[in-house]
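Participant: Spelled out from the first residue to the last, the chains are:
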Amino acid sequence: MSERLSRRKLIATGVVAAAGASGLGIAARLADRYGLIPPDDGGIYGVGETMTYAAQRVLVSRHALAREYTRSDISKIAPIKGAAPEDETYQRLLAGGFRDWRLKIDGLVARPSFFSLAELKRFPSESHVFHQACEEGWSFIAEWIGVPLSYVLNLVGVRPQAKYVVFFGFDTNFEAADKQTIKGKWNSIDMADAWHRQTLLAYGMNGQEFLPAGHGAPLRVRIPRQLGGKSTKYLSWITVTDTVKDIGKGFGAGGTERGFSWYAGI
Amino acid sequence: MAEIAYLAGLAIRGSDSLDSPRHSAVVRITHWITTVSFFGLLVSGIAILIAHPRLYWGETGGVGTPSLIDLPIPFMIGHSGWGRYLHFLSAWISVLTGLVYAPFGLLSHHFGKNLLPARADLAWSRVARIVWNDLRWRRPTEEESLTYNAVQRLAYLAVVFVLFPLIILTGLAMSPAIASVVPLLRSGFGGQQSARTIHFFVAVALVLFLCVHIAMVCLAGFAGRVRAMITGYSAARKECS
Numbered sequence: 001m002s003e004r005l006s007r008r009k010l011i012a013t014g015v016v017a018a019a020g021a022s023g024l025g026i027a028a029r030l031a032d033r034y035g036l037i038p039p040d041d042g043g044i045y046g047v048g049e050t051m052t053y054a055a056q057r058v059l060v061s062r063h064a065l066a067r068e069y070t071r072s073d074i075s076k077i078a079p080i081k082g083a084a085p086e087d088e089t090y091q092r093l094l095a096g097g098f099r100d101w102r103l104k105i106d107g108l109v110a111r112p113s114f115f116s117l118a119e120l121k122r123f124p125s126e127s128h129v130f131h132q133a134c135e136e137g138w139s140f141i142a143e144w145i146g147v148p149l150s151y152v153l154n155l156v157g158v159r160p161q162a163k164y165v166v167f168f169g170f171d172t173n174f175e176a177a178d179k180q181t182i183k184g185k186w187n188s189i190d191m192a193d194a195w196h197r198q199t200l201l202a203y204g205m206n207g208q209e210f211l212p213a214g215h216g217a218p219l220r221v222r223i224p225r226q227l228g229g230k231s232t233k234y235l236s237w238i239t240v241t242d243t244v245k246d247i248g249k250g251f252g253a254g255g256t257e258r259g260f261s262w263y264a265g266i
Numbered sequence: 267m268a269e270i271a272y273l274a275g276l277a278i279r280g281s282d283s284l285d286s287p288r289h290s291a292v293v294r295i296t297h298w299i300t301t302v303s304f305f306g307l308l309v310s311g312i313a314i315l316i317a318h319p320r321l322y323w324g325e326t327g328g329v330g331t332p333s334l335i336d337l338p339i340p341f342m343i344g345h346s347g348w349g350r351y352l353h354f355l356s357a358w359i360s361v362l363t364g365l366v367y368a369p370f371g372l373l374s375h376h377f378g379k380n381l382l383p384a385r386a387d388l389a390w391s392r393v394a395r396i397v398w399n400d401l402r403w404r405r406p407t408e409e410e411s412l413t414y415n416a417v418q419r420l421a422y423l424a425v426v427f428v429l430f431p432l433i434i435l436t437g438l439a440m441s442p443a444i445a446s447v448v449p450l451l452r453s454g455f456g457g458q459q460s461a462r463t464i465h466f467f468v469a470v471a472l473v474l475f476l477c478v479h480i481a482m483v484c485l486a487g488f489a490g491r492v493r494a495m496i497t498g499y500s501a502a503r504k505e506c507s
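As given, the protein sequences belong to chains A and B, one line each in that order. For the first sequence, my numbering gives the first residue as 1, with consecutive numbering after it. For the second sequence, my numbering gives the first residue as 267, with consecutive numbering after it.
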């Protein structure tokens, strides 16, 4: 009697386990299709990371706006993490007031383009006062002046297959022929944050039409719904892609290769 | 067969069972999952904290701005990467466990029966007597240990309904994406840095609870209490005392 019962229990457990496994399989496929799986989904930590990213992408409206503060809220100190790139090209451009600097935008776009700083400044300019926190724990409020990333993306014409916008600064070896050897402070965001109307290509800060030393001159991105580390500085190249698996180690960011989660909306 | 069920922690009452059931299966399972995830949260929380062991009040704070408390710990960057991964993984496990425990606690009358103190037991003299006996390290009698006393009930209620919700909400308030949808969550705590500070103090309160909890388990008989939380039955008191 008890043997038969335990066999029945075993079969029932097997059926439940199979249903659970196939349910998970279906969930994983659906999650992938709707862009709910982050590039750092591997391993045991990847489980928590996927749940956080998927939950936020499902529950947080794509259009929800980060709080805008007033200019009187601006912090007296805007801390800097990391120094300006020592790269020779960067130093030469800096000495020339970035007149020879160009922002390259390519990848899954209809019109790959180069923009000078003067051209970017001629585009509709916006000013936002955002709160920005570092994953270390500190935070500050500052005003950022620039052009919405979405405006520039519309100009170059993003193809429908696009899934990520990738940012390379002068502190990466972005000119490497083999993209898998790229190292440094490159980063990427999904299209939800790329099209978000507060995501800014910032060239000015706190009332000034330029970025002070250490804050990413000539251009940095500002993503107010993620931690500060996502806001790549010293931009040189932006590429639009459907996968980040072929860049560096394939985790979607240089920082993720050094152990920091790719999604920083938490 | 009975042995297997016993080992697996399933509540099968053998004929040799000498005691009444102490904890239901859901309480036992959620208790131990919470134990593991709490340690994950604690270790990773410390790893995150030491990157910037200073607490502030308001929206912003950093080196060079006035702080509320400077913890006597050196700044140690380099642990917040794995710290954050482990923290949010453990947080998910905790929250999902809570989502099983809380509805169960309501529907099975676990909260009403086991945790809600009787009004008469809340008299100051009775509460003071319990605390006094604990402080004197007086072991509870057999009859007393069959149920939670008023102080235990209040402590468990505070953990389940005040500290855990508060630590989850202050954690969410620090998230820039969540704050964009529910701005009131962040401003309600007084800002992102205030939320971080409250998060820290609630964690300290939970650790203090844990210390007292373990001390009380030792007082009541460590092996017997732990066995009760694993198998559901504490067996004979004499055996483990």
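Any given hint might turn out to be false.
[As the list claims (entries may be wrong)] Each pair of labels, with its calculated beta carbon distance range:
(1) Leu372/B x Ala176/A: 44 to 50 Å
(2) Lys183/A x Val309/B: 28 to 34 Å
(3) Ala64/A x Val470/B: 45 to 51 Å
(4) Pro340/B x Asp246/A: 39 to 45 Å
(5) Gly43/A x Gly330/B: 51 to 57 Å
(6) Ser6/A x Val447/B: 47 to 53 Å
(7) Ser6/A x Val302/B: 27 to 33 Å
In short, the hints are calculated from the structure, not lab data. Idealized CB from N, CA, C, for every residue including glycine.
Participant: Could you tell me whether the CB distance from Ser6/A to Val447/B stays inside 47 to 53 Å?
Facilitator: Taking Cβ atoms as reference, Ser6/A and Val447/B lie about 49 Å apart, which means the hint holds.
Participant: Okay, Lys183/A versus Val309/B on CB: inside 28 to 34 Å?
Facilitator: Since the Cβ atoms of Lys183/A and Val309/B sit about 30 Å apart, the hinted range of 28 to 34 Å holds.
Participant: Taking the CB of Gly43/A and the CB of Gly330/B, does the distance hold inside 51 to 57 Å?
Facilitator: With a Cβ separation near 38 Å, Gly43/A and Gly330/B fall outside 51 to 57 Å, so the hint is violated.
Participant: Kindly confirm whether 27 to 33 Å is satisfied by the beta carbon distance between Ser6/A and Val302/B.
Facilitator: holds (28 Å)
Participant: Per the hint of 39 to 45 Å, is the separation of the Cβ atoms of Pro340/B and Asp246/A within bounds?
Facilitator: With a Cβ separation near 40 Å, Pro340/B and Asp246/A satisfy 39 to 45 Å, so the hint holds.
Participant: 45 to 51 Å was suggested as the range; check whether the CB atoms of Ala64/A and Val470/B agree with it.
Facilitator: At 32 Å between Cβs, range violated.
Participant: Okay, Leu372/B versus Ala176/A on CB: inside 44 to 50 Å?
Facilitator: Violated: the Cβ-Cβ distance is about 58 Å, outside 44 to 50 Å.
Comparing the model with each earlier hint shows violations of hints 1, 3 and 5; every other hint is respected.
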